[in-house]
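Asks: Residues per chain are reported as follows:
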Amino acid sequence: MEINQQLKKGVLNILILNSIAKKDQYGYELIQELQELSDDYYTLKEGSLYPVFYRLEDLGFIESYKVEVGDRKVSRKYYKITEKGLLELKEMKATWCLFVEKTQKVIGGCHES
Amino acid sequence: MNHKVYVKRVLSYIDCTSSMKKRLKEDIEMSIENRMEDLETDIEAVMGDPKSFAMEIIDYHDLKLMSGFEYISSSTFLGLPLVHITAKRNGIAKGIIAIGLRSIGVFSIGILSLGIFTYGVIGLGLCSAFGSVAISGCFSMGAIALSGLFSLGALSGGYLSIGALSFGKVAIGDIAYGQLALFKTQGYGNTLLSIYGNHEGIRLALQEHLNNSFIIDMIMELISVM
Numbered sequence: 001m002e003i004n005q006q007l008k009k010g011v012l013n014i015l016i017l018n019s020i021a022k023k024d025q026y027g028y029e030l031i032q033e034l035q036e037l038s039d040d041y042y043t044l045k046e047g048s049l050y051p052v053f054y055r056l057e058d059l060g061f062i063e064s065y066k067v068e069v070g071d072r073k074v075s076r077k078y079y080k081i082t083e084k085g086l087l088e089l090k091e092m093k094a095t096w097c098l099f100v101e102k103t104q105k106v107i108g109g110c111h112e113s
Numbered sequence: 001m002n003h004k005v006y007v008k009r010v011l012s013y014i015d016c017t018s019s020m021k022k023r024l025k026e027d028i029e030m031s032i033e034n035r036m037e038d039l040e041t042d043i044e045a046v047m048g049d050p051k052s053f054a055m056e057i058i059d060y061h062d063l064k065l066m067s068g069f070e071y072i073s074s075s076t077f078l079g080l081p082l083v084h085i086t087a088k089r090n091g092i093a094k095g096i097i098a099i100g101l102r103s104i105g106v107f108s109i110g111i112l113s114l115g116i117f118t119y120g121v122i123g124l125g126l127c128s129a130f131g132s133v134a135i136s137g138c139f140s141m142g143a144i145a146l147s148g149l150f151s152l153g154a155l156s157g158g159y160l161s162i163g164a165l166s167f168g169k170v171a172i173g174d175i176a177y178g179q180l181a182l183f184k185t186q187g188y189g190n191t192l193l194s195i196y197g198n199h200e201g202i203r204l205a206l207q208e209h210l211n212n213s214f215i216i217d218m219i220m221e222l223i224s225v226m
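Those protein sequences? They're chains A and B, same order as listed.
The working numbering numbers the first residue of the first sequence as 1 and each following residue consecutively.
The working numbering numbers the first residue of the second sequence as 1 and each following residue consecutively.
For the record, the hints were derived by calculation from the structure and aren't laboratory data.
Watch out, some of these pointers could steer you wrong.
To be verified - Here chain B is said to cover these stretches of chain A; the calculated rule only asks that three of the stretch's residues, wherever they fall, bring their Cβ under 8 Å from a Cβ of chain B:
1. 5-12
2. 39-47
3. 75-85
Note that beta-carbon positions come from the ideal geometry of N, C-alpha and C, so glycine has one too.
The following block holds chain B by itself, in its conformation from the complex:
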């Protein structure tokens, strides 16, 4: 177990204010640094197990033991726990795989999730996001989906967006707003084409805006069933 995981585990047992946690974190880290002769030493052999350490703080100072399930894996990658799952009140899961009410991680799942690949009621992802509100750099899917590249949702926005109400460079939807708008009911933008119109014309227009025949084929398939 590395220092960071140890400190995380200790703090996960203590129900106290965030400012108190911040102070404790700094002091526990400093104590570990001072007490550990080298990084190879078993941290629990020197500092005791995380729960006992936390109970010492709790017992002496009338704090409360934090209730709720929490799991922090001993294995780490880039200094982060490989897996962090928390159901604790005010708990924030932080790890490569992070699962919690609030989560931050490479793969992040939570009510509010931040990370690279996220899944949550509100998901903010660098690469992809899924959720009621999904915002990402590459791929978003959700009731409200916003993305730098591709988005799919009731309300969607992105370079290529598909949705009931969509906007983007290429927007496809019931109501579409874009440089190329393929619409069912109403379109706004520079090139407006009804999806019920000539499919060859739509294909040509797509080829002007998208440089990927696979994606164009997929869109044509989609349009044919809309």
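Next up, chain A with everything else stripped away, as it sits in the complex:
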């Protein structure tokens, strides 16, 4: 369980950047997308996303803006990726692929005991 949690934490940055690169999103929307695309593997709560957003925002990889929606005119904070974020995502993906490839090579595949 612990390694599962640690792995999930480790890939949050790349998952979030990747999702936002496709289209501007708000927190809850992103959670739903991750859950759906991962067949319920990533069942995150909004609380787990906030500090990741802050970190990525502080690093200049994403930017936020508010939009009023619905009859109640509630504010929704959308995030969009920046040029710097796109470059970072490219680098992250390259690192991720290398990580998976080398780790697979060492542990010898996913379905072996």
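Please arrange chain B on chain A, whose structure you already have, making use of the hints.
Replies: Quick look at chain B alone, frame taken from chain A:
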């Protein structure tokens, strides 16, 4: 439980910088607004209980769980918790009744307390304040007491002030400075009367400055035992 109390409870579990708390507060409030279909919906049914919500933030981002006792009542009045008690480091109690190292409330008790009726080492109250340093609009009592109306303290200042060293429109004390100064050792001001002098004269002088026979009687009683 209303939204504000929910957010307060979530944040009370998280040990992080004030700027992080500010950002979290804004985002949690926004999430609640977006997720709640109407204000009647049970907030915990939608967002989970405050501690679990806070633990999610803490677990994922290597923050610390805030230690120390804290109680925030679910009942609110004018948007504020009815009772907020905190013993947490950097915690500020905010409520109708607020008790903490730092407290802000209608009835506020703390090392540093602000509010309408306050009791603290340093108390700043709109109506009354008690404390080592007590400052208020109407009634202050403390080592240093300053008030718009009545103050009682070692060092006191106010419209009517009583103390070892007092100053005000009517000042009564060992050393008194005022428009009317009733002094034991030394007086400064316009009308200076020793409390050991003629009591009828003191009463007349008080009647010129204070328009309340009850207060005048109380002062005369006090002077007679000084």
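Asks: If a hint holds in the structure, say so; if it doesn't, say that too.
Replies: Do the hints match the structure? See the list:
no., hint, result
1, 5-12, "holds (count 3)"
2, 39-47, "holds (count 3)"
3, 75-85, "holds (count 3)"
Of the numbered hints stated above, none is contradicted by the structure.
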